[in-house]
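Participant: With chain G fixed as given, assemble chains F, W and E onto it according to the hints.
Chains as they are written, first to last, in my numbering: chain G, 39 to 411; chain F, 39 to 411; chain W, 39 to 411; chain E, 39 to 411.
Be aware that one or more of the hints could be misleading.
Which copy is meant is left open, because identical chains are indistinguishable; a pair holds if it fits in one copy or across any two.
[Claimed, not checked] Calculated cross-link-like contacts (lysine to aspartate or glutamate; reagent style EDC-like; alpha-carbon spacing at most 20 Å):
1. LYS318 to GLU290
2. LYS236 to GLU360
3. LYS186 to GLU249
4. LYS236 to GLU378
5. LYS176 to GLU290
6. LYS154 to GLU360
7. LYS176 to GLU309
Treat the hints as calculated values from the structure; they're not laboratory data.
Model, not experiment: these values are computed from the prediction.
There are 4 protein chains.
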Amino acid sequence: MTNGRVKVGIIGSQFQAGIHAASLQIMPHEAEVVAIASPTPGNAAALAKRFRIPRVFTDYREMLRERDIEMVTIAAPNSLHADMTRDIAAAGKHIVCEKPLAMTIAEGEAMIAAAKRHSVLLMYGEELFFTPKYLKAKEMADAGAFGKVYLIKQSEKHFGPHSAWFWDVNRSGGGALMDLGCHGIAFCYWFLGRSPIKSVYCQMGTYVHGEKTKAEDDSLCILEFANGAVGLVENSWARRGGMDDRIEVFGEAGCSYANLHMGNALPTYSENGYGYAVEKAPTTKGWTYPVFEELWNYGTPQELTHFAHCVRGKETPQATGEDGLVVLRAIYAGYASAGEGRKIALPYQPPPEVKKPIDLWLNGAARQQTARH
Amino acid sequence: MTNGRVKVGIIGSQFQAGIHAASLQIMPHEAEVVAIASPTPGNAAALAKRFRIPRVFTDYREMLRERDIEMVTIAAPNSLHADMTRDIAAAGKHIVCEKPLAMTIAEGEAMIAAAKRHSVLLMYGEELFFTPKYLKAKEMADAGAFGKVYLIKQSEKHFGPHSAWFWDVNRSGGGALMDLGCHGIAFCYWFLGRSPIKSVYCQMGTYVHGEKTKAEDDSLCILEFANGAVGLVENSWARRGGMDDRIEVFGEAGCSYANLHMGNALPTYSENGYGYAVEKAPTTKGWTYPVFEELWNYGTPQELTHFAHCVRGKETPQATGEDGLVVLRAIYAGYASAGEGRKIALPYQPPPEVKKPIDLWLNGAARQQTARH
Amino acid sequence: MTNGRVKVGIIGSQFQAGIHAASLQIMPHEAEVVAIASPTPGNAAALAKRFRIPRVFTDYREMLRERDIEMVTIAAPNSLHADMTRDIAAAGKHIVCEKPLAMTIAEGEAMIAAAKRHSVLLMYGEELFFTPKYLKAKEMADAGAFGKVYLIKQSEKHFGPHSAWFWDVNRSGGGALMDLGCHGIAFCYWFLGRSPIKSVYCQMGTYVHGEKTKAEDDSLCILEFANGAVGLVENSWARRGGMDDRIEVFGEAGCSYANLHMGNALPTYSENGYGYAVEKAPTTKGWTYPVFEELWNYGTPQELTHFAHCVRGKETPQATGEDGLVVLRAIYAGYASAGEGRKIALPYQPPPEVKKPIDLWLNGAARQQTARH
Amino acid sequence: MTNGRVKVGIIGSQFQAGIHAASLQIMPHEAEVVAIASPTPGNAAALAKRFRIPRVFTDYREMLRERDIEMVTIAAPNSLHADMTRDIAAAGKHIVCEKPLAMTIAEGEAMIAAAKRHSVLLMYGEELFFTPKYLKAKEMADAGAFGKVYLIKQSEKHFGPHSAWFWDVNRSGGGALMDLGCHGIAFCYWFLGRSPIKSVYCQMGTYVHGEKTKAEDDSLCILEFANGAVGLVENSWARRGGMDDRIEVFGEAGCSYANLHMGNALPTYSENGYGYAVEKAPTTKGWTYPVFEELWNYGTPQELTHFAHCVRGKETPQATGEDGLVVLRAIYAGYASAGEGRKIALPYQPPPEVKKPIDLWLNGAARQQTARH
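Excised from the complex, chain G in its bound form (with noise of 0.2 Å):
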């Protein structure tokens, strides 16, 4: 087993295992999926039937059984990942957990241990450490470019996310700052070489999309580092006309401005439209900007693929349980703060009973007193 392409399994079929799908196809040499599972049957069916992944579960426990599959992705919701990483080790299979990491510090922690227990990868689906334009601001800024960074910025804005089960904070957790934020803040730390997180202090607020969800559609993030930079990551669900993913550098030497989409599009007028824009686009007609190689361009057929050499020993894993346990940390920080109004100090703890991040904000003292207002 030690030889070949590494068989991979997906659980999940709705918009991210296509994508864990798609860039193992463009990418196709060190890896196949050869199974995956959903509850959903037709999903899971037609999923397969696009990518022509031969097995399909509608129990992914059944899945786990394969002997031949090495690595498992998980796409499933986010209160699903501790379970699946945990039933997913137990069957001595390598992991790719996709963002965030779980539901509580807790889980994350259990993640980690079960993985270490059963000698197992537990590598995290931040495709922003594999993105190849992001990547080049990096080497820039390991050449000196910049001098000392002082301030690192990463936004990622759309108009809602794709899965129903995203607004329900029970399954997702939390809104743009859980689903958006978790790429922002690991992006800053990783730029950063990873220096610890001090502290956080978030802004977010139910804007647009208040009938359909109890969780934040847009939010801002200050982040302090051990080394004296600050990030800043921006999110929202609420934001018009398309996916938008960005970046700003700033050193005492230099700055840089790297702009994912319409800094790398096809400014593109049509009366007619045409196939495929960019991911979440509302239309092709009249003025859009369309991407080449999207997926590519965000980097998941690079990450999937050294996840792939990891399994096989040639490489290391670059993004880990434990980059997420931090950004989960943060996170958690994160909502504290915009339920207390202040800075929130990191290690934080949050109480016992708080079951998921979110909880911190709505449930927070600043929040009750804006929402007397």
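Facilitator: Using the frame of chain G, we list chains F, W and E on its own:
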């Protein structure tokens, strides 16, 4: 004295004084600069010569005795605004005070009272209310393009101020937030129809110019408004590469991006260099982003022409001492929030012993704690 | 009659007439529109009402009897320029003739002669000589930024003209080259310090609007100048998505890119739409590129103010009938080159029977050959 | 020999040879470089070392004796393409010939014949057929986004080639049109579905590098296609500021702009500089436009991988000797048109005594005339 061009005296002889003189040359029909006063004799004479200003004074109080002068603009260090305003008002002349309004809230209140007492106008030099590109954004917002606006951003960044007194917090009262954030706070407030500011949170630090100043050279400022919208104001004295000013507008129905510098410029490569690229550009060689009709694009000629119209009673001031006071109160709350590491609700009353805004940060508990690390 | 604001009469009541009126409202200090003449009574009255123009005429000859009018602008179909100019000159009034100057070279020569005979100014409505962004490019070029300029490009493109007469070649004399190429030819000539045009080569076709017109709706035009530089002028009535105007400058020491529309705009997404985006924009919904202070950015207010200064003797015309004649000669050579499939050297004398520029293409050997295919 | 990775030999040791080697390292699964041949021993060894190529030859004919080599890429001066192709074909190996195909049409025809005779593939190194961003434009066009395309533009510009032999017209056959225009001509032809080229018109000159070369360092090329569309191809060896490659598509229903360099880059300011910005960038200090994954964005790894697939019979060559010959014929017509000052219809047969394309311009009547002025 109610006909013809409004006769203007300028107090100051450095960067901003030059902008006043140049702006009234660009739009010369409503006002003319007839006098300039500055304690630095050479500077005043040089500016007077450059702009053909007939009368030069070393003591602005003497200039105030000139009977034909109807409007006096203050382009002097922040610490002098209050005394000068009092004197100009007492001389029965209308006042244009550059931003920020004053060092303390008490000063600002006294300035407004003095103007009222002497029945003169106290106008506030916030050119962003007159910036053509930003006016277009507001025009679209007011036409409903974005539905309800939930987030408005403004940032102004460069590598540090043009006059030495800015670095001395006793003369400036603060750093990037005080100097540049006053623009962004005013802009968000104005863009949202002067909805009251409910709270302020600021992140700041001295990252690059620590040998030169105790002031913050980079700040992030989050404002909550009574109408439910949020403002994000970013400022820097540490951003390389020339002046940068931009806004972003996000509403439930759309968004807009306006970049005043790189987004208006002629991307240009030159081996030889050329006359002038843009405010605070480090060079005109290599790739640069030259702008055109810079002051007109900032809006200062339009602003001063508007003020002259106000003096003639044809228009009502669109930027007033009251606006400046709202901003100054938010700046105080901002420094306090940075000092305490928490969001500060408005109205906020700084402790009586506080002499200038930045003291709230420099002496704040959060800052003391950080410094100890 | 040599003091105060210059009194202006406008001939025309459609798109360009509105621009004249609006431009003089934007910069109202040097000139005022006191009369408008148009054979279409409703149109003239509507424009008069919109811009509060007191006097309305259906026969421009009557308007010319108004003694106080000092300057008359021609915003009428190309075929009428010559007669109108003759009449205005005979009435002793200064002339602003919109581009292109005339239908034939003989007409253009007669216009210049008439103005000279009656000692009035014949000024030529080429606003690109006054476009602020393009002036910056020229300023850099003149400052040596690019060393010797070897290639200068200008393009103006949209989806077809605003008034019906343009489609009728008997009234317009030609299509995109005649209507829009006159701008680009004038621009290159002016940018290069009025170096004589040595040759012209044009490629043209009717690609999209063939049911509506015999005129070319897209053209490429290559100009050789006596100083060794080359001009590339691109024009279209077939380009979707709103107005597009841009230049590029290439010299031995550098290059510059100036985009007047997308390069100045506020990229905006709106579900609702809003008032106005840009000249000839098809919609304000979805992604659009709204511009700000459009006429000022084109330069028409500055142009007409300059012309008023010329009437008062304060300035010398920067865009003259002679410029228009140079351009018209190049346009004739351009159509001839398209008709013959070869570069045409200047000076070029069209055969005496040719009534309008486009005939040289429509009846040209190369075109006949193509049509047969 | 029909399994495993295709073994590749490279002829050449300069810029393009390095791109071949690097491209196959980026996508290493289908092919591997096992040998390199170059008469300049040091260069070949250096490249071999850099890319860990095991075998080095000074005579490519010796390399052709290696039995395991299946595909040989030609990255040598244009004047050698024909002989090399003949030899490679005779050795029974597949050929990848860099652009332009050859010096003369006869050579090109002989190359195609030789490949056919020996039953090997003659593949043509036109990476624009594989450039991801441009593929997106074609995908949209093919999906009907633009309706019927009437104008397609491509330009490639920089400040001059990387190897000295380009300046010598006896080795290169021509300047910017030959070196870079071959890309644009191929691109337009391919984008329009290989509609035959009906005519060519070129404008060219030696503006900046006259002391170094007789070749044109800037050219404009207008192509008429049988389907009625027009191509505009712009090329330069005289454009400062680093590599520039862009396309524009215009159709009756829309348009699109794709900029491969500045339109993909991270606008960056650096006081210190950094490793690498972009092909032929003059510096990494000040403002620059660094690109990311440059070769992948050009498409050379995809191109060479495709060629390896063709060798294995899995795909059919998308860029062939026939394509190269179409382009070469157009280049001959282009130089002839510049020499004669008129559009040249295809098929065009150059006079038998013409040894290389550029002679048609250098000895052309139009050129002689110009030179006399």
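Participant: Against each hint, give a clear statement of whether it holds in the structure.
Facilitator: Structure-based check of each hint:
1. When the C-alpha separation of LYS318 and GLU290 is checked against a cutoff of 20 Å, the pair qualifies only between copies, where the shortest distance is 16 Å, while the shortest distance within a copy is 36 Å.
2. Proximity of LYS236 and GLU360 under a CA criterion of 20 Å is satisfied intra-copy only: 17 Å inside one chain copy versus 39 Å between copies.
3. For a Cα distance limit of 20 Å, the shortest separation of LYS186 from GLU249 across copies, 16 Å, qualifies, whereas the shortest one inside one copy, 45 Å, does not.
4. Proximity of LYS236 to GLU378 under the C-alpha cut-off of 20 Å is found in both arrangements, the shortest distances being 17 Å within a copy and 16 Å between copies.
5. In the homo-oligomer, the alpha carbons of LYS176 and GLU290 lie at most 20 Å apart inside one protomer (15 Å), although the nearest pairing across protomers, at 34 Å, exceeds that limit.
6. In this assembly of identical chains, the alpha carbons of LYS154 and GLU360 lie at most 20 Å apart only when taken from the same copy (11 Å versus 59 Å across copies).
7. Taking the shortest Cα distances, LYS176 and GLU309 sit within 20 Å of each other only across copies (16 Å), while inside one copy they are farther apart (39 Å).
Consistency with the previously given hints is maintained throughout, with no hint failing.
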